[in-house]
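For reference, the chains in residue letters:
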Amino acid sequence: MKFILHVWRQAGPKAQGAFSVYEATGISGDMSFLEMMDVVNESLIEHGEQPVAFDHDCREGICGACGMMINGIAHGPMRATATCQLFMRHFEDGDTIYVEPWRARAFPVIKDLVVDRSAFDRVIAAGGYITAATGGARDANNILVAKTDADDAMDAAACIGCGACVAACPNGSASLFAGAKVTHLGVLPQGQAERRQRVLRMIAQMDEEGFGGCTWHGECHEACPKAISLDVISRMNADYLRALWAMRDEKQEQGAG
Amino acid sequence: MAGSQPAALGVGPTNRVRLFWRSTVGKKIVMSVTGLIMVGFVLLHMIGNLQIFEGAARINAYSHFLHHTINELLWLVRVVLLVSVVLHIVAAIQLTRIDRAARPVAYRRREPQAATVASRSMRWGGLALALFIVFHVLHLTTGTIQPVPFAPGDVYANVMGGFRIWWVTLIYVLAMIALGLHIFHGAWSSIRTLGVNRPKAEPLRRPVAALVAVILWAGFSVVPVAVFFGWVR
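Chain order of the listed sequences is A and B.
Numbering-wise (the numbering used here), the first sequence opens with residue 1 and increments by one.
Numbering-wise (the numbering used here), the second sequence opens with residue 1001 and increments by one.
Simulated from the structure, these hints should not be mistaken for lab results.
Some hints here could point you the wrong way.
To be verified - One side only, chain B facing chain A, incomplete, derived with CB under 10 Å:
no., residue
1, ARG1022
2, GLY1026
3, SER1032
4, ARG1078
5, VAL1079
6, PRO1112
7, ALA1115
8, SER1119
9, ARG1120
10, ARG1123
11, ASP1154
12, ALA1157
13, ALA1226
14, GLY1230
15, ARG1233
Backbone N, C-alpha and C fix where the C-beta goes; we use that ideal spot for every residue, glycine too.
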C-alpha cells in the first residue's frame, strides 16, 4: 500500500512548525500506524533527514504513550483503539493522511508529534492516590465491594492517560481523564478516605494547568482508546458538589497527621 | 500552568463560594442551575401563550391575573430570571474564554465524531437568544418597539397586530429554532453537569431533553405562525 502523509514537523518547543509531505511506500495492510511511521522514518534516515519524533512504548494498546491526531480524529478512525493498534488496512490505498500532535495549551509540543503530558501527572499527584495500609496481601473478599461498583471502578481504571480526550475536546478539557480517576478511586471502599479532598484538588489542578471546561460534546468518549463513559464526568461533578458542601478548613483535615 | 506544583487548596481561596466560582466545574454548575430555571420559566410561558387560541377574553384575563392578582409573585419571578440570565451569561463568557485559551493552536484537519449542531451552536445560539430576549421584551412587554401601536394590558391586540408583520414573525420563528437547539443540548447537559443522571450505556441519548425541546419549539412557534396566517380568531 501507498500513502501520502502530511506530518507536523517542529524542531523544538519554541520552534516554528509546519507540515511536511512524505510518501509512505511498501506498506502492508497488517502494519500498525506506528509501524508505517517506522518505515517512513527508516527512509528519512537513509536520506540523511531527521526522523519524525513520536511517542510510543508498549505498542499493545495499554501504556498510553502513543497518540496522534490522524485525519482530524484522535487515535484515528477506529473506535476504542490506540494509535499503535490502528492498522493500515483500515485506510484506502493511496489515501492522504494528516498527522498532527495533540493540540492543547496544557500539552506543549516538545518535538514533531511528541507533546509534554506532565500536566496529567500533576493532576494525578494532586489527588489520584489512596493512603491504604501496605503490607501483606489481604485475603480475597476481605473488603466487600459490590459487583456493580467493582465494574464501574474497573471501567474507569482502564484510562491509560494518553490525552486523546483533551486532544479531541473542542475546549481542550481534561474532564474525562479527571473524571475517570475520581470515579476509579471514589467508588471503592479504599478510596473513601481522600474522596472529598481528591475531587476538589484534582479539579483545582486541572483548571490550574489550563485545560478547558466540559460542554458535553461527547468527543472525548469517542476518542478514548478505552471508551470510557461520559458518566465519569457526571460522577466527578456530583462528588465535587458533595465535597464542596462538606468542605471544612483544610488544616483541620490534615491535623490528625 | 505547566511546571507548577499541585495546587494546595489551603493556599488558594478557602472560601467555598469563591472556590466554586473559580473552578470551571463550578461555573458549569451555575450555568446548569440557571439554565434549568429558565427552561422551567419558558415552559410556563409557553403554556400561558397558548391561551391565545381561546380568544381575547381568556388571554387578557390571564395577563390581568399575572399583572394584578399575583403582581408581587410576578416581580419575584422577574428578579429570579434576571439574576439567572446575568449569571448564565457571565459564566458562559468566562468559560468561553478559558476554553478558547485551552486550544491556542487549531488543528489543520478536524473531524468531529459526536458533537451535534446543537452542541456546537451553543455559544452563537445563546448570543442570538440573548438579543432576541431584549427585542421580545421591548416588543411585547414594554411596548418600546412598536411595529404597530402598543396597547398596555391588551395582550390579544398586541400579539394579533405584531405577528401580522412578516419580519416580526420571521424573527420569532428563527429565534424559536435557536431556542429548541439550545435546550436540546442545554437541558440534557445541565442534568449531566449536576451529576444527577443515572449511568447509561449510551450517555448521548436524550429522549426527555429532545421532547422538551420539540414541545417548546412547537408550542412557541405556533402562535406567531398561526396569527400570521390568520388562523387565530
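For each hint, the structure was consulted:
{"no.": "1", "hint": "ARG1022", "result": "holds, 7 Å"}
{"no.": "2", "hint": "GLY1026", "result": "holds, 8 Å"}
{"no.": "3", "hint": "SER1032", "result": "holds, 9 Å"}
{"no.": "4", "hint": "ARG1078", "result": "violated, 28 Å"}
{"no.": "5", "hint": "VAL1079", "result": "violated, 25 Å"}
{"no.": "6", "hint": "PRO1112", "result": "holds, 6 Å"}
{"no.": "7", "hint": "ALA1115", "result": "holds, 4 Å"}
{"no.": "8", "hint": "SER1119", "result": "holds, 5 Å"}
{"no.": "9", "hint": "ARG1120", "result": "holds, 7 Å"}
{"no.": "10", "hint": "ARG1123", "result": "holds, 9 Å"}
{"no.": "11", "hint": "ASP1154", "result": "violated, 42 Å"}
{"no.": "12", "hint": "ALA1157", "result": "violated, 42 Å"}
{"no.": "13", "hint": "ALA1226", "result": "violated, 35 Å"}
{"no.": "14", "hint": "GLY1230", "result": "violated, 42 Å"}
{"no.": "15", "hint": "ARG1233", "result": "violated, 43 Å"}
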